[in-house]
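Undergrad: The primary structure of each chain is shown beneath.
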Amino acid sequence: MFRRVPILSAFRESPFDDFVEHASKVNECIHIWKQAVSAYLEKKYDIFNELSEKVQLLEHEADLIKGKISAHLPKGIYMPVFKSDFMMCLKEQDSILDYAEDTVIWLSFKKVDMTFIKDEVLQHTQKVTETVETLEKVALRLKEFFRTHKNATREEMKELIKEVHRQEWESDRIEKALTKKVFNSNEDGLIVYFLVRAISLSASIANHAENAGDRIRAMIAK
Amino acid sequence: MDYQNIYFISAVILGFYMAWNIGANDMANSMGSCVGAKAVTLKQAVFIGAILCFFGATFVGGQVADTIKKGIVDTSAINNLDVIIKGLLATLLAASIWITFATWFAWPVSTTHSIVGALVGFGLFVGGPEIVNWHKLIGVVISWISSPVFAGLMAFAFYKIIERFILSVDDSERAIVRIGPIFIGLTFFMVVMSLLLKSPLGKHWEIGLAEGLLYALIAAIISGIIGFLFVRKAVSWGYKVENIFRILQIMTSCYIAFSIGANDVANAVGPVAGILSIIKSQSLQYKVQVPVGLLAMGGIGIIIGMATWGYKVIGTVGSKITELTNSRGFSIDFSAATSVLLASKMGMPVSTTHAVIGAVCGVGLARGLDAVDFRIVKKIIISWVATIPAAAITCILLFKLFMLLF
Chain A
1 MFRRVPILSA FRESPFDDFV EHASKVNECI HIWKQAVSAY LEKKYDIFNE
51 LSEKVQLLEH EADLIKGKIS AHLPKGIYMP VFKSDFMMCL KEQDSILDYA
101 EDTVIWLSFK KVDMTFIKDE VLQHTQKVTE TVETLEKVAL RLKEFFRTHK
151 NATREEMKEL IKEVHRQEWE SDRIEKALTK KVFNSNEDGL IVYFLVRAIS
201 LSASIANHAE NAGDRIRAMI AK
Chain B
1 MDYQNIYFIS AVILGFYMAW NIGANDMANS MGSCVGAKAV TLKQAVFIGA
51 ILCFFGATFV GGQVADTIKK GIVDTSAINN LDVIIKGLLA TLLAASIWIT
101 FATWFAWPVS TTHSIVGALV GFGLFVGGPE IVNWHKLIGV VISWISSPVF
151 AGLMAFAFYK IIERFILSVD DSERAIVRIG PIFIGLTFFM VVMSLLLKSP
201 LGKHWEIGLA EGLLYALIAA IISGIIGFLF VRKAVSWGYK VENIFRILQI
251 MTSCYIAFSI GANDVANAVG PVAGILSIIK SQSLQYKVQV PVGLLAMGGI
301 GIIIGMATWG YKVIGTVGSK ITELTNSRGF SIDFSAATSV LLASKMGMPV
351 STTHAVIGAV CGVGLARGLD AVDFRIVKKI IISWVATIPA AAITCILLFK
401 LFMLLF
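In order, the protein sequence lines correspond to chains A and B.
Here the numbering used here is used: the first residue of the first sequence is 1, the next is one more, and so on.
Here the numbering used here is used: the first residue of the second sequence is 1, the next is one more, and so on.
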């Protein structure tokens, strides 16, 4: 019915609302992912499976939000940012969940005792989670920024993106130390491969959080 | 009942239908952004529309109306007054049907353009191409393109100013105390100018350009000072920038309703007044005095159009435009109303709907809106191309029908 006022059909729903919802979904999912990894380390495999299912469900829900955003931005829609930058940022944010899902699926393939690297893995998952938490803080400010274009908000967002970079760098350092420890352990080749890939998948989460942050920085650049 | 009475009653009914269309189409499109940005409620929009539209029609453009819009058709070549009356009736009905049809399908069709298209159809059918004033038609068509472009450029610049000097600065509330009064002054400057220059009021008081500008400037300074005191007080009461813009947007809503009254009521009452003058004096002038009763009928028609159809269509969308803030809404409304008023002062029959859409695109290009569908521009272009032949053909068919019936 509202389409009958042409002027009003020129206004489209803000994609930033859905973008923020997507970012919140990503953050929520990463917290579940962290709990799932902890459960795996504790050898509580039933809880791990339950949480793993939740991660996959949240990934699917986030996919639906992503699909909705794409559907609402057909050709001819003009945004305050380059649509390609916005869509790339969304893709990077979505990749965070793809890797979270891949990690829990990978872990579900085999039950491996990780007691010898438990502390480092917990440290790593904590750091990875922090990057996503900080990224959500940036995403939450995005809509407000485009409403006012305030310099103070831009600077605050840039500082948060720097923080994402720092957290990703720290997660990288932990990842390297962890990988080294696994390679130098007395575990057999299959276990080493399993663990190194699991660590690498987890690390990709932080990498994509950093990439998403970089895309947001490009969007808010003067 | 003789034919003259039938003509008179038909003209009044069709004029009313045309006014209803203006309310459902132009008013709904123009007040849509005010309601969408929650500057006014639906009821307030109808109320504002009703009062100010009527004032606009009465004081700025309504009392002397074109019977044949811009003299697009040279009716002196048609010797038969009966044919002219039927032609005017067919023009009103054809334009109205086309607008109702287009409004239903959400095509941004202009009431003014439809009247022009229908008149061209009538002229071509009755007198051939030689009685259509093609030079004037080209001028009219150019004004259709220039008015949304001008509104767009103005909205772009206006929004950039608001963003640069108010929204993006750290202490936005302090900034609006300094700059808000300038906007208030500008609004009053435009309103007073439109009231005094080339208007019945201006003619009555014999006000020339220099004098009119001087009065407008005085009004701008006084309203600016009052505005400064008001905005300063409002900020001290804890009003935020968007709250202040809400007040400014309400002012521009009034301004828009006023400018629609000034420009569009004539579309409905002009041909009716023409028919009345033929019945009374057995001759047709291009410009005729419009009786106050007829103006009131136009005003009431617009209010009913707004309250019946326009009301519903705006109401369903109010909550959907989440990103339309009052600062954006103000930029859109002010630019659209100003461009329409300036165009009307220059004698160009422009569309309020198109000016508003031009302004929306301007704010969108200034990166002020989260998502604007620029496909609306394509729709406008299609409507420009389609309106003239569609209204013209409908008018020819209706004219033939009237000739058969009476």
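Take the hints with a grain of salt, since some may be wrong.
Pairs of lysine to aspartate or glutamate, EDC-like flavour, derived with a Cα cap of 16 Å [said to hold, decoys possible]:
no., chain 1, residue 1, chain 2, residue 2
1, A, K150, B, D171
2, B, K240, A, E144
3, A, K150, B, D74
4, A, K181, A, E144
Hint data in this document are derived by calculation from the structure and do not stem from the laboratory.
Being a predicted model, the structure only gives us computed values, none of them experimental.
Undergrad: Decide, hint by hint, whether the structure agrees.
TA: Here is how each hint holds up against the structure:
1. A:K150 with B:D171: holds, 10 Å
2. B:K240 with A:E144: holds, 15 Å
3. A:K150 with B:D74: violated, 58 Å
4. A:K181 with A:E144: Between K181 (chain A) and E144 (chain A) the Cα gap is close to 44 Å, so the pair fails against 16 Å, i.e. violated.
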